[in-house]
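Produce the entire structure from the sequences given, and follow the hints as far as they go.
Each protein sequence line maps, in turn, to chains C and V.
The numbering used here puts the first residue of the first sequence at 315, with every later residue one more than the last.
The numbering used here puts the first residue of the second sequence at 435, with every later residue one more than the last.
Simulated from the structure, these hints should not be mistaken for lab results.
For clarity, every value in this text was computed on a predicted model and none was experimentally measured.
Don't be surprised by glycine CBs; every beta carbon is placed ideally from N, CA and C.
There could be a bad hint or two in this list.
[Claimed, not checked] Label pairs and their computed distance ranges (CB to CB):
| no. | chain 1 | residue 1 | chain 2 | residue 2 | range |
| --- | --- | --- | --- | --- | --- |
| 1 | V | 538 | C | 422 | 25 to 33 Å |
| 2 | V | 605 | C | 330 | 53 to 61 Å |
| 3 | V | 571 | C | 330 | 43 to 51 Å |
[Said to hold, decoys possible] Just so you have them, the derived chain V footprint on chain C, three or more residues with Cβ under 8 Å:
| no. | region |
| --- | --- |
| 4 | 488-501 |
| 5 | 505-519 |
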Amino acid sequence: MATVLRVVRRAPLNLFLLVVAAMWLVPTFGLFLTSLIPKGEIAREGWWNVVAKPSSMTFDNYRALFDNNDLTKALVTTAEIAVGNTLLLVFIAALAGYAFAWLEFPGRDGLFVVVIGLLVVPLQVALIPIFSLYNSTSLFDTVLGLILFHVAFGLPFGIFLLRNFFIGIPKDIMESARIDGASELTIFFKLILPLGLPAIASLAIFQFLWTWNDLIVALTYGRDTQPITVAIFSQLRQFGSNIELIAPASFVSLAIPLAVFLAFQRYFVQGLLAGSVK
Amino acid sequence: MAQVAFEEISKVYPDGTSAVRSLSFEVDDGEFMVLVGPSGCGKTTALRMVAGLEEISSGTLRIGERVINDTPSRDRDIAMVFQSYALYPHLSVYENIAFGLRLKKVPKDEIHRRVQEAARVLDLEAFLRRKPRALSGGQRQRVAMGRAIVRQPQAFLMDEPLSNLDAKLRVQMRAEIARLQQDLGVTTIYVTHDQIEAMTMGDRVAVMRKGELQQVASPQELYDHPVNLFVGGFIGSPAMNMLEGTLERSNGSVAARLGSQSISLDSGLLDARPDLAAFEGRPIVIGIRPEDLEDAAIVGEVPAGRLLQGTVELREALGSEIMVHLGVDAPVASTVEVAELAEDAGVPTPAGGTPDRATRIVGRFSPRSRVKPGDETQVAVDTQALHFFDPETGLGIYS
Numbered sequence: 315m316a317t318v319l320r321v322v323r324r325a326p327l328n329l330f331l332l333v334v335a336a337m338w339l340v341p342t343f344g345l346f347l348t349s350l351i352p353k354g355e356i357a358r359e360g361w362w363n364v365v366a367k368p369s370s371m372t373f374d375n376y377r378a379l380f381d382n383n384d385l386t387k388a389l390v391t392t393a394e395i396a397v398g399n400t401l402l403l404v405f406i407a408a409l410a411g412y413a414f415a416w417l418e419f420p421g422r423d424g425l426f427v428v429v430i431g432l433l434v435v436p437l438q439v440a441l442i443p444i445f446s447l448y449n450s451t452s453l454f455d456t457v458l459g460l461i462l463f464h465v466a467f468g469l470p471f472g473i474f475l476l477r478n479f480f481i482g483i484p485k486d487i488m489e490s491a492r493i494d495g496a497s498e499l500t501i502f503f504k505l506i507l508p509l510g511l512p513a514i515a516s517l518a519i520f521q522f523l524w525t526w527n528d529l530i531v532a533l534t535y536g537r538d539t540q541p542i543t544v545a546i547f548s549q550l551r552q553f554g555s556n557i558e559l560i561a562p563a564s565f566v567s568l569a570i571p572l573a574v575f576l577a578f579q580r581y582f583v584q585g586l587l588a589g590s591v592k
Numbered sequence: 435m436a437q438v439a440f441e442e443i444s445k446v447y448p449d450g451t452s453a454v455r456s457l458s459f460e461v462d463d464g465e466f467m468v469l470v471g472p473s474g475c476g477k478t479t480a481l482r483m484v485a486g487l488e489e490i491s492s493g494t495l496r497i498g499e500r501v502i503n504d505t506p507s508r509d510r511d512i513a514m515v516f517q518s519y520a521l522y523p524h525l526s527v528y529e530n531i532a533f534g535l536r537l538k539k540v541p542k543d544e545i546h547r548r549v550q551e552a553a554r555v556l557d558l559e560a561f562l563r564r565k566p567r568a569l570s571g572g573q574r575q576r577v578a579m580g581r582a583i584v585r586q587p588q589a590f591l592m593d594e595p596l597s598n599l600d601a602k603l604r605v606q607m608r609a610e611i612a613r614l615q616q617d618l619g620v621t622t623i624y625v626t627h628d629q630i631e632a633m634t635m636g637d638r639v640a641v642m643r644k645g646e647l648q649q650v651a652s653p654q655e656l657y658d659h660p661v662n663l664f665v666g667g668f669i670g671s672p673a674m675n676m677l678e679g680t681l682e683r684s685n686g687s688v689a690a691r692l693g694s695q696s697i698s699l700d701s702g703l704l705d706a707r708p709d710l711a712a713f714e715g716r717p718i719v720i721g722i723r724p725e726d727l728e729d730a731a732i733v734g735e736v737p738a739g740r741l742l743q744g745t746v747e748l749r750e751a752l753g754s755e756i757m758v759h760l761g762v763d764a765p766v767a768s769t770v771e772v773a774e775l776a777e778d779a780g781v782p783t784p785a786g787g788t789p790d791r792a793t794r795i796v797g798r799f800s801p802r803s804r805v806k807p808g809d810e811t812q813v814a815v816d817t818q819a820l821h822f823f824d825p826e827t828g829l830g831i832y833s
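Below is the structure:
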């Protein structure tokens, strides 16, 4: 009886969640089905028709995608940028977060306020100045240039997140390690990194997702250095003729961060809770 | 192992708060020294200065022959047990204990031997592979001890290591730590606010108050000859009863007048403590330990001059003894020390500071006593064991 009541009481909420989920899932599902429609039929058929005749589905489009050098190269470039900038960001933000949380140096709190202030600076304001900087150095149109830009704009949030997590690590633990003979670097690598793992994993996932899906930065600073978002974008024609490439490419581009998220979601949830609730 | 010497050590925080003021004493090689005092007395700050976790504002701190004022913690060769234990939560018990040795690059088989030995001594062998969160409070405490002893340091520093344990375990670990320290013979500085821990564990006890050292002495010496009102009131449980009275001389004998009552003192007292003569006719604080009070009904013959009249307010039977709370018509000593001690014990100080005429005193009676709440009773006072303090300076009068 109680269960029935609970189901009834929760019905409106569940219904609402179902609608929201459907709104997000239907296009994704449609994209997937579209990517399975044979090349010649895409223009004629809506993806909902394919459901009716599953026999017409084919993975030919995916085969074509992986044979297309431009797009596979773009996927590799995306991976280089996303993985590279995530690793670099996490490392720098963790070092800075530790310093802001636990080292005493003059001007520490003032500097931290400045870092927090940088959180509100939208990256668009920097596009032009950085462009001229990159233009005068050799960073324009390089993977390194894109990585550095992403790291720079990820740092305020990264430092903020990690510093606030690290400051929740009991001070006694670090003092104990200091007495045990540990240097600051030892404390950082042997205590802070493993204990900060939930927050570090969250930051890494955030940053990976953002930069994997980035279009504007890559569009601005890359010409031949094209991540998958730019590559897909460049396949768009006025008359939408390249759907058979765009659909599978978009789906692959979407599936990889999804897989990363699912693989690390345990840490992700932990990281969101950690620090707020002990 | 080494001597630890405090020479005029002071700690002033940047905001001007002075936590420790010109602290001077020595902890001998192998000695178990307890720093005790109410919260905020500077004992933990003093310990943290030895650990190198707190900068020393002025003075000289030596371990052995070395001045270590500016030596970083990791080079001081000391081990510390924290109140929170500060175990590394992501490491197993084994790795927690081995942590310091690994950093010192001790050979692997030596680490293994020492960790096993520590685990054996501390009864932790079955838990070496567990993480700290899977241990009970007592086991965590042992791991913290293990981490300290494997290091074989010059000195152990312990910051209220038992305060997170329940009462029974605390008593057990108290004995265990004292035994371990005796076996190892490592110089130890132990901080606590619990005077029972201080008394039972320390070779010597240093009592601190508001950043200043009051007295360093063996537990018995502290108990028998507290240097001032504060030490007298702080050491001992239940606390010493502090009453305000005046000394009066009538036909050759001396009596202490306490409110409407009077107890006569031994004739030899003034000879033994000539300084008391100066207090004739002047207020003086008289301290009476609870065990120096007894139900007159079971003592037998008591001279009239050694009796106090009181009303029983509460009777706490402990089996081997009875704590009897009595209201007596005598003013309580109203010095700052007494107020401070009462506050530390959680008793609010009476508003306005007017001496309360019906003072509550505590007597430790024999279980044969039949007094019950509401009784008017006579209490025998052991006048040999009275303590006298100067109300102006708070100092004990012994000469």
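Q. Which earlier hints turn out false for this structure, listed by number in ascending order?
A. none
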